[in-house]
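Visitor: Each chain is listed here by its residues.
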Amino acid sequence: MLMTNLKAATAALAFAAAPAAADVDLQFYFPVAVGGAAAETIQSLTDQYVAEHEGVAIEAVYTGSYQDTVAKALTAARGGNAPQLSVILSTDLFTLLDEDLIQPFDTFATSAEDKDWLASFYPAFMENSQTGGKTYGIPFQRSTPVLYWNKEAFKAAGLDPETPPATWDEMVEMGKKLTVRDASGNVTQWGVRIPSSGFPYWLFQGLTTQNDVILANAEGNEVHFDDPKVVEALDYLVDLSKSHEVMAPGIIEWGATPKAFFEGQAAMMWTTTGNLTNVRDNAPFDFGVGMLPAHLRRGAPTGGGNFYLFKDASEEQARAAFDFVKWISEPEQSAKWTMATGYVAPRPETWETETMKAYAAEFPAVLVARDQLEHAVAELSTYENQRVTSIFNDALAAAITGQKSSQEALKDAQAQADAILKPYR
Amino acid sequence: MLRTRGWIEAWLLLVPGFVFLIAFTHVPALVTIWNSFFTTPRGRRPARWAGLENYETLLSDPTFWKVLKNNALYAAGTIPLSIGIALVMALWVNRQLAGRGLVRMAYFTPTVLPMIAVANIWMFFYTPGFGLIDQIGAALGLGQTNILGSADTALWGVMVVTIWKEAGFFMIFYLAALQTIPPSLVEAARIEGAGGWTIFRRITLPLLMPTTLFVSINAVVNSFRMVDHIFILTGGGPDNASSLLLFYIYEVAFRFWDTAYGATLTVVLLAFLMILAIGQFVLFDRRVHYR
Amino acid sequence: MTWDRVLNTLGAWALALLWVLPLAYAVWTAVHPAAFEARFDLLAPLTLENFAKAWSAAPFGRYFLNTFLLVTVILAGQFLLCTLAAYAFARYRFPGRGILFGLVLLQLLIMPDILIVENYKAIHLLDLVDTIPAMALPYIASGFGIFLLRQTFLSVPKELEEAAQIEGLSSLGILLRVYVPPAIPTYLAYGLVSVSHHWNNFLWPLIVTNSVETRPVTVGLSVFSAIDSGVEWSVINAATLMTSGPLLLAFLLFQRQFVQSFMRAGIK
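Residue numbers (numbering that gives the first Met the number 0), protein chains in the order written: chain A, 0 to 424; chain B, 0 to 290; chain C, 0 to 267.
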C-alpha cells in the first residue's frame, strides 16, 4: 500500500516536472462566453494533448470574456510576453492585423495533408478567418443564430406546430396569429422576439443576408450600411413592431430573451445556437428549432471565436501550436467540445463520427445550425471593428426606437464609418 | 532652527501620501491634458503631435454632445432628488417611529450592495412583459412598458437606480448631523410658538448647511463617476440615449482603444468638475459657517 | 398632531418597502427554482440549489478572497498615509501648507475613478496590470481621508499635546498617544465608507484585471452575468447574496454604531 502510494507520488512528481523538461512551452489564452463546462473541457483536452505528445507543455489560461481576452492579449503583447496561441473573436481579425500581432497558418501548412486540413472547414466559418488570401484564424467556438418556436403557442393559434415560418411574409402572418391580446387590448404574448440590445447588428445581419446584401468587404475597409437592401431589411425589422405589431416596440433585451420565451411572452425568438442546452433544460413546453426565415435567399451570420497564431512565437513554438490546433480540430476532440458547449462543430468530418451521429439522433435540433451554415456568411468585421460596429449598432437602435428613419440612420452611419475606414483603403 | 526642524518633519510626514496623490491624481490629470494633443499610437504607427485635431473631432462628434446633454440631465435630476430624499429619510428616522431600526436598515441597504449586482435586479424590474413593473401594471390593467428600451425613458430608468443607491448613503450624514442639534434649541423655539415647518426652515435647515455642502459635493462627483449600472442596464443605449461622459470615455479608451480621444474627453470632464466645484463653493459660501 | 404622526410613519414605511424591494427580490429568486423568477407564488418550493450552482459555476471563493485582499490593502494604506498627512496639516505650520492642502482638497473632486485612461497607462508602465496592487494603488492616498482626519485632529486640545511634550514624547509618540485615540470614531466611520466603496467598486478593477487570480467579486459577477445564453436571475442573485452577504451582515449588526461614529467623527 505504502509502496504503491510512493510510486504514485513519484509518478506524479515526474509528471509535474515534465513541463520543465519539455522542448517546447506554449501559452494559450481562451475565453468562455457560455455557461456550463466549457472551461473544464478545454483544460481536459489540453491535458490529453500534452499527455499524448512528448516534449510539449501547454499552459491553458482562462481569460474571462472575449473582451477580457483580447484586451489581455493586446497588453501582454505590448509588454513583450504575448501568448503563442489564443482564442479571440473572429471579428477581431483586422484589429489583430492592425496591431501587427498575428501570423497566417499557411506558413506552417506546407504538406498536402495540412493544406487539405485548411480546406476542410465549412466555408461560412472561413470567411471571417481569411483575408488577402491567407488564413489567420481556425474556427473553434463558433455559433450561428436560429429560430426557436413554442409549439404549444402555435397549436393554440391554430398553426401547424411542426412548421416554422419559412419566409419574411410568413413570419409576419404567423406572428399576427401568435400575438395575443387581453380584454383591454394589452399584449400578453408577442408573435416574435428579435433582441436588439448590446449587439443588434448580429441578428440584423440575418435579415440583410436574407435580403441578399453583404455588409462589409473581405478586406475589412469598406462597409455598405446605406445600401438600399440594408435599408429595406431595417424597415422590415422596424415594421415588425411599428406597422405589423407582432414584436414588442423599442429595444429588446438580449439577456432576458430566453426567459421571455419560457414565460410565454413571445412565441418565436431569434437567438444563438449557444442557447440550445439552456432552452432544452428550461422551456416548460415543447419547442422547435429552425433556420431563420428566408427572403430573397436564406441567410444568417456566423459568430464566435477562432484560434489565432501570434507572431512573437519561436519557430518551434509556432509549429507546436499549429499541431495542437490541428489536433483539437480533429473529429473526435471537436465532437467532445461541441457536445459539451453547444458550439457548432466547424468541420463536416466531425458530424460523420459515431458520437456526433448518436448525439444528433437524440437531439436533432443541433443539426439545424449545421445545415444553415450552407447559407451563412461572415459576421460583420472591419478595421477598427468595435468602433465601426458600434456606429452601426447605434444606427439600428435609432431606427428601432423611432429616433430616425432607417434611411437616415444608415446614411449617417455610413458617413461616420467611411471617415474611420478611409485611412485603411 | 527648531522651526526648520518642524518644517522638515511635516514634509516628511507628507511625503508618502503625496507620492500616491501626485502619482495617481495630479500627474495623470496633467498628462491627460498633454496627451489630448497627440494621436493614439497603434501597432507600428507611433503617436504624433496632433494639435487641436482631437478637439475638432470632439466638437463635431454627435455622440459627445449627446452624452454631455445626458450627463447634465442626469446630474440635474439625481443630485437634488437624492439629497432631498436623504434629508426626508433622516428626518423620519430621527424621530419617534414604530420600527425605526428596520426602516433605517431598509434605507441603508443599497449602500452595501454592489451596483453591478443590483443593476441586474433592477433590470428584472424594468423588463417588459414579465418584469415587476409590468406585472404590477398588468394587475392595474395597464399595458407593457419598455423603459430601458426607449430613447425617451432609458436615462430616467438609470437615474431612478442612482437615486435609490445614493439617498441612503447621504441619509447617514444627515442623520449624524441631526443628532448633534441640541434639543434645547428646538424646545426654545417651540415655547416661542414656532410650528414644525418654521422650526425646520429656521433652525434645522440652516444648521444642516455644512452637511448639505459636503453631501452635494459628493453627489456632484458621483453624478460624473457612477456608471457601473449602465454596463448592465442599457450599455449606454439605445443609440447612446443613456450614455454618460465617463461611460463614453471607457468605451472610447478601452473598447475602441482610442486613448488620445479618451484623454480629450477626460479633459472636458475635468473642466466640468472644476467649474461645478467653484460654483458650489461660491453658492454655499455665504450660508455655511465652516471652521 | 397624531395625524401628522400616522402619516409620517406610513410615509417612512412605504419608502422603506420601496428601498428594500431589490434586496427582497434577490432573496426571493435565490431561494426558489429559476421558474419562479417572475412568479411570486407563496407556495413556491424552496431550494438552495442556486447557491450551489453559482458557487460551482464561477470561482467566487477566489473572487471573494481577492476583494478581501483589495479592501484590506487599501484600508491599511489609507489609514497609514492619511494619518501621517493629516497630522502634518493639523499640527505643523510650514511653508507650502496652504497649497499642499489645496492639492489634497482637489482630490475630493478629481478622483482616480475619472482618470482611467492615464492611470491605466501608469499601471502598465509599472508592469502591474492584472495584480491586486494595481487595483489598490490609485486609492491608497485619499483626499477625503486626509481632510476628515485633519478635521478631527484639529479638535484635539492643545493642552494634551503640551503635557505629552513635557513627558518627552516624540512627534510620532504624540501622534499615536494623543491624536489617534480620540479619533477612533472617525477611523471607524471612514473605514466603513472606504470598505463599502471599494468592496463595490467596479470600473477600475474591470479595466486593470483580466484573470481569475485578481478579479474582485464585482468584476466576477459581471463576467458571470454577461454570458451569451441570457440572464439567470436566480443564480446571479444567489451569487450576489453570497458575495455581499458578509458586508451586509456587518452593516446590519453595526448600523447603530456606524451612525454614532459618524456623529462623533463630526462628519456633518
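It is worth saying that the hints were derived from the structure and are not from the lab.
One thing to keep in mind: the hints can contain errors.
[To be verified] Rough simulated footprint, nothing fancy, chain A against chain B, three-plus residues with beta-carbon under 8 Å:
| # | region |
| --- | --- |
| 1 | 86-95 |
| 2 | 143-150 |
| 3 | 249-261 |
Positions of the beta carbon are idealized from the N, C-alpha and C atoms, including for glycine.
Visitor: Decide, hint by hint, whether the structure agrees.
Guide: Outcome of the hint check:
Coverage of the region 86-95 of chain B by chain A is violated. Counting CB-CB distances below 8 Å, 0 residues qualify, and the rule asks for three or more. Figure legend: the region 143-150 of chain B, annotated as covered by chain A; annotation consistent (6 residues with Cβ-Cβ distances under 8 Å, at least 3 required). For the region 249-261 of chain B, the assignment as covered by chain A holds, since 6 residues bring a beta-carbon within under 8 Å of that chain's beta-carbons and 3 suffice.
Going down the numbered hints, you'll see the structure goes against just number 1.
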